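What follows is the residue order along each chain.
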Amino acid sequence: MQAIWVIAKRELHSYFDSLMAYIMLVLFLGFSGFFTWLFGSDIFMVGQVSLEAFFNVAFWTLFFFIPALTMRLLAEENKTGTIELLLTKAVTDRQVVVGKFLSTFLLVSIALAFTLPYPITLANIGNLDVGQVVCGYLGLLLLSAAYISIGLFASSITSNQIVAFLTALFIGLFFHLIFDVLAGQFTGAVGLFFDALSLSQHFGSISRGVVDSTDVVYFLSIVFVGLMLAEVSLAKRTIQ
Amino acid sequence: MDIRIENLSKRYASQRAVDGISFEVKTGEILGFLGPNGAGKSSTMKMITGYIGIDGGDILIDGRSVKREGQSLKRYIGYLPEHNPLYLDMPVIDYLQFCAALQGVPNDRIEERTRMMIRLCGLNAEKHKNIGELSKGYRQRVGLAQAMIHDPEILILDEPTTGLDPNQIVEIRRLIREIGKAKTVILSTHILPEVEATCDRILIINKGKIVADGTADTLRQQASGQEVVHLQLEGTTAQHAVEALSALPHVAVVKADEGGSSRFEVKSRAGHSSRRDIFNLCVAKGWVITEMTPVETRLEDIFRNLTVN
Numbered sequence: 001m002q003a004i005w006v007i008a009k010r011e012l013h014s015y016f017d018s019l020m021a022y023i024m025l026v027l028f029l030g031f032s033g034f035f036t037w038l039f040g041s042d043i044f045m046v047g048q049v050s051l052e053a054f055f056n057v058a059f060w061t062l063f064f065f066i067p068a069l070t071m072r073l074l075a076e077e078n079k080t081g082t083i084e085l086l087l088t089k090a091v092t093d094r095q096v097v098v099g100k101f102l103s104t105f106l107l108v109s110i111a112l113a114f115t116l117p118y119p120i121t122l123a124n125i126g127n128l129d130v131g132q133v134v135c136g137y138l139g140l141l142l143l144s145a146a147y148i149s150i151g152l153f154a155s156s157i158t159s160n161q162i163v164a165f166l167t168a169l170f171i172g173l174f175f176h177l178i179f180d181v182l183a184g185q186f187t188g189a190v191g192l193f194f195d196a197l198s199l200s201q202h203f204g205s206i207s208r209g210v211v212d213s214t215d216v217v218y219f220l221s222i223v224f225v226g227l228m229l230a231e232v233s234l235a236k237r238t239i240q
Numbered sequence: 001m002d003i004r005i006e007n008l009s010k011r012y013a014s015q016r017a018v019d020g021i022s023f024e025v026k027t028g029e030i031l032g033f034l035g036p037n038g039a040g041k042s043s044t045m046k047m048i049t050g051y052i053g054i055d056g057g058d059i060l061i062d063g064r065s066v067k068r069e070g071q072s073l074k075r076y077i078g079y080l081p082e083h084n085p086l087y088l089d090m091p092v093i094d095y096l097q098f099c100a101a102l103q104g105v106p107n108d109r110i111e112e113r114t115r116m117m118i119r120l121c122g123l124n125a126e127k128h129k130n131i132g133e134l135s136k137g138y139r140q141r142v143g144l145a146q147a148m149i150h151d152p153e154i155l156i157l158d159e160p161t162t163g164l165d166p167n168q169i170v171e172i173r174r175l176i177r178e179i180g181k182a183k184t185v186i187l188s189t190h191i192l193p194e195v196e197a198t199c200d201r202i203l204i205i206n207k208g209k210i211v212a213d214g215t216a217d218t219l220r221q222q223a224s225g226q227e228v229v230h231l232q233l234e235g236t237t238a239q240h241a242v243e244a245l246s247a248l249p250h251v252a253v254v255k256a257d258e259g260g261s262s263r264f265e266v267k268s269r270a271g272h273s274s275r276r277d278i279f280n281l282c283v284a285k286g287w288v289i290t291e292m293t294p295v296e297t298r299l300e301d302i303f304r305n306l307t308v309n
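As given, the protein sequences belong to chains U and P, one line each in that order. Quick note on numbering: the UniProt record's numbering labels position 4 of the first sequence as 4, and the sequence is numbered without any gaps. Quick note on numbering: the UniProt record's numbering labels position 180 of the second sequence as 180, and the sequence is numbered without any gaps.
No incorrect hints appear here.
FRET-style restraints, in silico, Cβ to Cβ:
#1 P/D301 with U/L166: 47 to 57 Å
#2 U/D195 with P/E69: 46 to 56 Å
#3 P/L120 with U/L173: 47 to 57 Å
#4 P/E133 with U/I110: 22 to 32 Å
#5 P/N130 with U/F114: 27 to 37 Å
#6 U/M228 with P/K26: 38 to 48 Å
#7 P/G63 with U/L173: 47 to 57 Å
#8 P/L88 with U/L166: 16 to 26 Å
Taking lysine-lysine and the BS3-like style, the derived pairs with C-alpha atoms no more than 25 Å apart in a straight line are:
#9 P/K129 with U/K9
#10 U/K9 with P/K127
#11 U/K79 with P/K129
#12 U/K79 with P/K136
#13 U/K236 with P/K67
Since the hints were derived computationally from the structure, they do not count as laboratory data. Values in this document were obtained by computation on a predicted structure and should not be read as measured data. Virtual Cβ for every residue (Gly too), placed ideally from N, Cα, C.
Bound-form chain P, shown alone (with noise of 0.2 Å):
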């Protein structure tokens, strides 16, 4: 089932937490929602969820407004909240099935659900204990059991790792990586390394407003658009290299590190690649190269970027 959001705003008093962004999702698609604290993005999950009301805009599931037919396309979608808060007093396995009866999984079936929901988070051997008396992952696992219990055509993750061991995350990950194939995804995160580990998609939303939406790498290009190499040379002084380096074509500026040692740092003109003329440049003058490095734009300095100002 696709998503579209148009024009979405929410306002909290005088706050405006969601000011009319409009995006799209696809099924099969896994989009990582990014977003400094209070940037909106869980008060954007609430109202697909239909947890809260929409102020203005509208949210569409299959062409179906959720401000208008929200009760019924609850049934289309799972949802972990953030905090992950569940009933305490009540036993793993008692409370999957409550989940499944409440989400109309049909009686015969919910056993059968159950069961997998049990096998695939990996949950057997806490089925029968108090969800209280998990730790922070089991719990976590069974927000995940909940969420997906129905068989959901979509899936609304908020923060789903938080609190679970390395371990855990690359099962959880992989989990939803091999769900989103043919659902739809929507994943809120504060860990950048994930959204490039499990995500098609990154949207990075800053004061309710959207501020960057592709892919990994489309992001990396946008943000930096300009290729740089760190470069380590023997055989000649840093004045030297520097005056050679910076009358390549494609180069713009050259930086020699602070000491006097013989590293460098390369930035090229947008568009341009100077690797290939600094390795011509250097043979041509016996320069040995110990070391040429080309930086990426971490995802962390684009996020920095857009949300900091």
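For reference, chain U alone in the conformation it holds in the complex (with noise of 0.2 Å):
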């Protein structure tokens, strides 16, 4: 546990030392904050309290940071071979990967929760539903999650940080728009499938307020997929 927290805090500082946290954090708040209060259906031209068009943005500006922010975290150390030292370290195949799972969760956690003045502000204007809101961010939250271990897994099949990037962007883009369009393609038991494949209905339904199991479960197991092929790509230097 005590590994997993050394590795987290270390990537942590690395993010905010190369300023990508920075770059991260002022784009994403200018985003969303951007499409949420000032420009297209934004909450004054829908005219009601809700942060329907913040999840919207986030759920989009999440889907391309994300990947930017995960390409380097086993992609570079494969590059410079530093991969190396930290798995002669006295720590295991998991714990690196939780580790970096975890210094990347942090850091959009730390996102998300710049963004609480907007729900704080509307509650100001006008009569809130605040358990949506909760379930917006527990959606946005699980969401990160699961594009994290995607990422996470990206990175660590290669040591070119762009083929890294791209292929999380891809294996992305299926749950996030093709499963969805499939689905509205097929009818029965396929668009069933692909129905319950689509991260997009899964979020859908959690940021409506409603946080059904199912769709916990589903967050969770991509994470889990995400990390356990991560863990796998790493240990295939032992047998080869």
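Two chains, two frames, some hints: make the complex.
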């Protein structure tokens, strides 16, 4: 447990030292703030005391930003060879993977925490449905966790950060969009199957304020499978 | 902690990188690992550290199998990989603290160990710089410091002195010898004088197999077996001298230098020395010996003989 925290702390430091964290925070808050308050179907346009606009923007911005955050996690270590130093320390492959996952998850959580003034402002303007907002944030956290684990896996299979970024985006695109589109194309069992795989469906139901255990299980299984595959691809060096 | 390697092998695709090698290293011993590039040195070291898997055979550290308990054995090992990869964006002091924490050094001792390593490796002036700003020699010191930060029982150093200037090399060697008194050290290198200067024992491997194992002196004896003396004489002709020298009881071959100078190379029969006889002969004949140099087989020659086919 201590090793996981040590690794997560180092990664988090590295995010802030390399300006990556600041760029991510500024862009994320800029985008989501702009589209929530100022432009498009923003809150004043819709005219309801609801953070739906924000959740929709965050749904897309996180989809693009998270691969950019996760791409260097393992790919850089593969390239510079520091992975050899890290894995010959008294840590397991799993601790490395979970530690790196945790670091990015914490960074995204910080970014989301900075948006808390939005619901606080709204609660002052009108009658905010607190339950729905809490569910929306929970949905964003679960979605982030899922994309981080996908990104981490993509980063573990290559030593090129661009490849890691694109791979993560490519895999993410299926969950984000393609399964949803396919679900609309088919009827019956096949349609239901793709519907069950679609991340936007599950996110949608959580952000509407309905936390179903199947939705939570869905996100946690993506996290679990992603982290497991990342660990397997690290462990691959021992068999070859 | 003793390391015993039993019939170890490693295969990459169709190539056998390490091919059934066995040896033992005892506590307090510094083992020099020699071999041409691609001989399997690094692969063997990586297997000891548990970084790559073991295909055949096993490695026993203090009687415990790396294959089965590799994970729990990691903390007894300090490792400096080839090319010395480091986090270039981290300050030296933070990096060492990070390594100490990962290696399970208790929180209240991390500070003390880090300070000690910085002093030991001469990093005091550079401790707040990012590793990326350091010269190669200093990076190498950081690599050594991180390997020793948790005071490991076993040190595996893959080419520890590359990129260091001669003064630093002397310092690092002294450091390794110092540590090697109580610990088990395996170091690989291409620099042959280095093994002689630092190591108690030398292991030469070629194409995944052990071709020589012993101290520098035993290797020399095995390799030559014959005493060779360079001789320069005055007061005689080359032909005369060759005849007289060849007649000595223990002399095997006498070669005169070309060009008529009176320089000779005298090889004795295995296990015998002719230096005394040569001196007596010259005294009897009234020749003047201006040079008599015993020729040591250089480690380079042994290395070349064993690894070039």
